[in-house]
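*Asks:* Below are the chains, spelled out letter by letter.
Protein chains: 4
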Amino acid sequence: MDYRRLGRSGLKVSELSFGSWVTYGNQMDTKAARECMAAAWDAGVNFFDNAEIYANGKSEEIMGAALKELAWPRVKYVVSTKFFWGITEGPNTKNTLNRKYLMDAIDGSLKRLQMDYVDLVYCHRPDPNTPVDETVWAMHDMIERGKALYWGTSEWDAKSIRAAYEFAEKYRLRAPVMEQPEYNLLHRKRVEQEYAPLYKDFGLGLTTWSPLASGLLTGKYRNGVPAGSRGALERMKFLLPQLTDKAANEAVGKLEAVAKDLGGSVAQLAIAWCARNSQVSTVITGASRPEQVTENMKAAALIPKLDAAAMKRIEDITRPVSAA
Amino acid sequence: MDYRRLGRSGLKVSELSFGSWVTYGNQMDTKAARECMAAAWDAGVNFFDNAEIYANGKSEEIMGAALKELAWPRVKYVVSTKFFWGITEGPNTKNTLNRKYLMDAIDGSLKRLQMDYVDLVYCHRPDPNTPVDETVWAMHDMIERGKALYWGTSEWDAKSIRAAYEFAEKYRLRAPVMEQPEYNLLHRKRVEQEYAPLYKDFGLGLTTWSPLASGLLTGKYRNGVPAGSRGALERMKFLLPQLTDKAANEAVGKLEAVAKDLGGSVAQLAIAWCARNSQVSTVITGASRPEQVTENMKAAALIPKLDAAAMKRIEDITRPVSAA
Amino acid sequence: MDYRRLGRSGLKVSELSFGSWVTYGNQMDTKAARECMAAAWDAGVNFFDNAEIYANGKSEEIMGAALKELAWPRVKYVVSTKFFWGITEGPNTKNTLNRKYLMDAIDGSLKRLQMDYVDLVYCHRPDPNTPVDETVWAMHDMIERGKALYWGTSEWDAKSIRAAYEFAEKYRLRAPVMEQPEYNLLHRKRVEQEYAPLYKDFGLGLTTWSPLASGLLTGKYRNGVPAGSRGALERMKFLLPQLTDKAANEAVGKLEAVAKDLGGSVAQLAIAWCARNSQVSTVITGASRPEQVTENMKAAALIPKLDAAAMKRIEDITRPVSAA
Amino acid sequence: MDYRRLGRSGLKVSELSFGSWVTYGNQMDTKAARECMAAAWDAGVNFFDNAEIYANGKSEEIMGAALKELAWPRVKYVVSTKFFWGITEGPNTKNTLNRKYLMDAIDGSLKRLQMDYVDLVYCHRPDPNTPVDETVWAMHDMIERGKALYWGTSEWDAKSIRAAYEFAEKYRLRAPVMEQPEYNLLHRKRVEQEYAPLYKDFGLGLTTWSPLASGLLTGKYRNGVPAGSRGALERMKFLLPQLTDKAANEAVGKLEAVAKDLGGSVAQLAIAWCARNSQVSTVITGASRPEQVTENMKAAALIPKLDAAAMKRIEDITRPVSAA
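Chains as they are written, first to last, in the UniProt record's numbering: chain U, 1 to 324; chain S, 1 to 324; chain C, 1 to 324; chain H, 1 to 324.
One or more of the hints may lead you astray.
One copy or two, it doesn't matter: identical chains are merged, so the pair holds either way.
In the SDA-like style, the derived pairs of lysine to any residue whose C-alpha atoms are separated by at most 25 Å in a straight line are [stated by the list, open to error]: (1) K237 <-> M103; (2) K94 <-> V280; (3) K159 <-> D201; (4) K147 <-> Y117; (5) K94 <-> W72; (6) K312 <-> A32; (7) K200 <-> H187; (8) K58 <-> Y199; (9) K94 <-> A38; (10) K68 <-> G90; (11) K312 <-> D245; (12) K237 <-> P181; (13) K159 <-> R5; (14) K76 <-> W137; (15) K147 <-> D116; (16) K147 <-> P73; (17) K298 <-> G90; (18) K305 <-> R276.
Bear in mind the hints are in silico, worked out from the structure with no lab data behind them.
With these hints in hand, go ahead and build the complete structure from the sequences.
*Replies:* Right under this line is the structure:
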């Protein structure tokens with residue numbers, strides 16, 4: 001496993017990392033989380049992604065408990081959380097990035113994680129109803145007070161990220177250093193086009209999510225929806241049309257041949273492909289069983305194998321079905 | 001009940017809110033306060049207004065005790081306090097906004113309120129004997145130290161608010177975000193004219209007080225001063241000439257017809273009229289009994305009914321008796 | 001007793017105040033200090049001056065103990081300390097304003113005073129061996145950390161004060177607000193001439209010391225050195241030539257007539273004369289017995305009596321013997 | 001022993017000081033360290049140099065324990081530490097100056113040293129993989145949080161020091177004040193040439209290390225490698241080629257005559273020669289026995305004896321063998 005700088009920052013994250021979305025607290029308990037994290041750690045992962053909204057706080061509780069049991073030195077791993085949706089009802093606690101919510105949220109997350117600070121804290125979505133200066137001040141304050149080390153955004157449009165950066169610059173406050181966008185073979189435009197000027201101008205780092213397009217890129221939906229898969233979960237059924245898209249699944253079929261030639265699975269190929277983009281600092285992967293984690297991490301070995309020829313084969317197969 | 005942004009800030013306050021002036025500590029004990037606050041809460045109120053000077057600190061003690069009993073999550077409600085008059089005798093504790101007083105005052109209020117922070121803190125009046133930079137630094141420090149989330153002014157002239165804003169801007173300190181002016185059918189000039197450039201230039205928010213003009217707009221003084229009313233209180237007798245003004249009371253009589261047509265009381269009409277101004281973030285109402293609170297909050301239902309025709313009827317009746 | 005703003009700041013200090021130089025810890029114990037402070041308090045004094053070097057820290061200990069016994073509300077009085085000479089031997093603790101010394105010194109003073117903060121903290125002399133920016137940062141930090149409310153200088157030349165102010169302005173740090181210079185009928189030049197541009201440009205406030213020119217202006221040295229007087233103390237004998245200056249003592253003799261005409265003592269006249277200068281925020285007086293304090297404070301009644309005619313008489317008598 | 005300002009800062013350091021590199025924790029225990037430090041203290045030393053990496057944290061533990069036993073007033077001595085190499089394995093803990101490492105490292109050092117703050121904290125080497133702004137913010141934060149008083153660099157190139165200074169200036173953060181370079185008769189270029197503009201532009205101070213060129217300038221390697229010397233240690237054998245350089249050792253032989261003429265040893269001469277450069281604030285010396293410390297400190301007496309003639313003799317002997 002290699003380590004990359006988070007954008008132009010000095011923080012190093014493993015090129016593949018492990019996140020808790022849709023798993024912890026829903027499908028996984030502390031023991032399962034701990035085993036998966038241990039498997040990731042053994043493969044060289046040093047970044048564990050989280051968010052307040054994942055399982056409404058339970059994901060943080062489980063990760064906190066698991067890390068306590070694992071007892072690694074705090075300086076050796078990187079933990080994140082993210083704020084926007086809120087887990088308490090009310091006008092100042094849902095879908096906002098106002099100061100009141102953010103100041104309350106960070107304390108809640110640290111308590112659930114049993115930590116003094118998180119390494120990375122994200123604004124999980126942009127909030128058009130809070131001026132960017134209020135949000136930048138609040139994020140700056142989290143760092144000033146020692147509750148976080150670096151801050152960034154998730155799924156913000158380039159214009160909003162630029163506004164945050166420029167306000168921070170003007171007021172000499174801590175500027176954002178990373179974005180967490182969706183990025184995979186079928187969803188590329190924002191990372192490859194919209195954000196391009198931000199890499200150059202500010203050295204924006206990326207921690208990308210959904211490398212497998214919610215599982216579509218594993219090939220498991222090529223013959224319908226398997227029992228126990230995410231597509232079969234009631235609360236995930238909004239993903240179903242996308243997961244069962246015919247053209248996309250056919251493309252996945254063709255990718256399997258490429259993957260085989262390179263000595264890996266199509267899922268590993270899809271993960272490695274994300275990491276092949278040098279703007280990506282780390283590719284966040286998910287899993288609910290330790291063996292799955294170990295399988296995913298083998299993608300690291302594929303990254304150097306993605307030469308120009310392999311990339312062209314992949315491009316030819318996926319470009320026609322790439323949505324954005 | 002709808003929620004509005006406090007000016008351009010991201011904080012959301014209920015369009016109608018509940019304040020403790022002249023009631024808590026004087027006429028009300030903790031039980032009464034708690035019942036009134038609960039009634040407001042049930043109607044959707046999330047902002048509870050207070051000030052150090054209200055009942056010389058007792059109002060804060062009572063609200064603090066009531067909130068403790070009510071046990072709502074801290075993040076769900078907004079509490080304010082205000083500083084200027086002071087409750088300790090002495091040259092640095094009365095009628096001042098100097099650093100010494102302000103730093104001492106915030107600690108006193110937080111102790112009485114049994115809170116770690118207030119959401120909103122106001123400079124209750126301008127202080128011509130303290131330079132605005134000293135006051136802005138002190139208010140900034142309250143926020144920096146986590147003792148308040150947002151700061152503003154109350155009954156400041158537009159020029160002083162602008163000076164505070166510009167000093168904060170120049171020194172990269174936290175700028176004021178709201179003003180608390182008197183605003184009602186009989187007292188309109190400052191909100192509608194003097195402050196107009198501040199909404200445009202700085203996005204100033206308003207939390208307005210005295211929507212009923214000390215009770216005059218309830219109609220209760222149309223036939224003299226009722227026993228038990230505010231006008232009958234010894235310590236409030238300075239309000240008497242205004243409350244018993246003949247022309248004003250006649251206008252109130254005519255407003256009752258408008259209110260009846262819209263399906264509400266004249267008091268509800270007067271409150272709704274304040275909230276009809278989109279520059280107003282919240283209209284602070286007062287009451288000493290829970291039923292009164294519930295009655296007042298019904299004004300929320302009148303707001304959307306105030307169409308152009310209704311507004312014109314109200315304007316024609318009140319413009320001649322509107323003082324300022 | 002009237003109260004004046006400390007320069008352009010919003011802090012109000014009594015026009016006459018009470019200091020502990022040469023008395024506390026040397027001639028006075030806690031009981032005597034408490035009684036003198038109580039007498040000053042009764043006369044309306046709200047500012048009690050101190051310094052680390054006074055009796056090598058003992059003056060702070062005694063004032064702290066006295067204030068604890070007096071149990072006045074902390075917000076009602078103003079306490080100062082000053083740093084430069086240091087009370088620990090060593091290259092970083094004597095005659096310096098470097099960061100290491102200052103950060104250590106404030107903690108020592110607060111401990112001796114048994115306080116969370118002092119109101120005023122002074123750089124007791126300029127230090128040519130520390131760059132002004134290092135000193136301004138350290139003084140700023142004392143305020144930022146809540147250990148002091150305002151900072152200033154004592155016996156600095158105008159150019160150094162200006163440099164401190166300009167560095168603070170440029171770096172958006174807390175600027176100095178007051179100077180503590182010697183000022184009396186025989187020592188006037190710095191206050192009246194050198195500092196003049198600073199009042200206009202920065203609103204510098206003054207807390208002046210030695211209104212009685214070490215006792216010379218009481219008239220007590222007109223017929224030699226009385227037993228028990230400061231001039232008779234071994235450690236004060238450096239003052240002797242000045243205290244027994246013939247021309248000066250003759251002038252004091254003539255001032256007694258003026259004082260008598262105004263209904264006061266020559267000491268009261270000398271104190272009142274300092275306070276007559278509107279640039280002076282407060283005149284610090286000293287005493288070792290409560291009756292002396294009460295006598296000194298009667299000078300307040302003389303201030304308004306110093307009309308143009310009286311001032312001319314005083315000027316004619318003292319100008320020829322005024323040293324600087 | 002004389003004391004000098006650390007560059008343009010107001011901090012005074014003894015012209016000769018005592019460091020713990022290669023000794024504490026490796027060759028020395030707490031008792032030996034305490035005795036050496038006491039000997040240095042008795043000779044007038046007030047600065048004790050340290051670093052996280054020295055003996056992997058043990059050097060800090062030993063110095064902390066020794067200082068506790070010595071019980072000198074904290075304000076009287078100056079302690080340093082340095083960060084870069086890290087003592088925990090991992091991508092964010094070795095060879096980095098990123099925020100995560102630095103914030104963790106300072107807490108670890110303070111714990112090992114049993115102190116609330118260090119006086120001086122250094123970035124032990126430049127880190128090309130962390131932007132200088134991230135490092136400057138982190139160093140600023142250490143000072144802001146009271147964990148250090150001054151910060152600087154060690155073995156940074158002039159361009160990187162300038163970049164740090166300029167970023168701090170632009171963002172109004174604490175700027176670096178000192179560098180810790182190697183400096184001795186055989187290694188002069190960086191101090192004398194590369195850094196020259198930094199003294200003029202920023203008043204950079206120097207705390208120099210290796211005055212004896214790892215022992216070469218003691219003359220002990222003139223006849224081979226003595227048993228028990230540094231050159232004979234397995235972990236120091238990388239120094240061997242340099243220590244046994246023939247031309248250099250011959251030059252040392254000639255220096256002995258000069259030293260004898262001045263009344264000292266060649267080691268004392270070499271140390272005094274470093275201190276003769278007025279840009280040097282302090283020359284850090286090392287020793288493992290108290291008598292050695294005492295011998296080294298006698299170099300202070302040689303400094304004023306290094307007149308133009310003596311300096312020329314030294315120059316003629318060493319210039320040909322001076323490496324850089």
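*Asks:* Against each hint, give a clear statement of whether it holds in the structure.
*Replies:* Verification of the supplied hints:
1. K237 <-> M103: So K237 and M103 fail the 25 Å test inside a copy (34 Å) and across (44 Å) alike.
2. K94 <-> V280: between (30 Å within a copy, 23 Å between copies)
3. K159 <-> D201: both (13 Å within a copy, 22 Å between copies)
4. K147 <-> Y117: both (4 Å within a copy, 18 Å between copies)
5. K94 <-> W72: between (34 Å within a copy, 16 Å between copies)
6. K312 <-> A32: neither (39 Å within a copy, 67 Å between copies)
7. K200 <-> H187: within (21 Å within a copy, 40 Å between copies)
8. K58 <-> Y199: neither (34 Å within a copy, 42 Å between copies)
9. K94 <-> A38: between (33 Å within a copy, 22 Å between copies)
10. K68 <-> G90: Close across copies (19 Å), not inside one copy (32 Å); limit 25 Å.
11. K312 <-> D245: within (23 Å within a copy, 58 Å between copies)
12. K237 <-> P181: Within one copy only: 22 Å inside, 51 Å across.
13. K159 <-> R5: both (23 Å within a copy, 23 Å between copies)
14. K76 <-> W137: between (28 Å within a copy, 21 Å between copies)
15. K147 <-> D116: Both: 6 Å inside a chain and 17 Å across chains, each within 25 Å.
16. K147 <-> P73: The answer is both: 18 Å in one copy and 21 Å across copies each meet 25 Å.
17. K298 <-> G90: The answer is between: 20 Å across copies meets 25 Å, while 44 Å in one copy does not.
18. K305 <-> R276: within (10 Å within a copy, 60 Å between copies)
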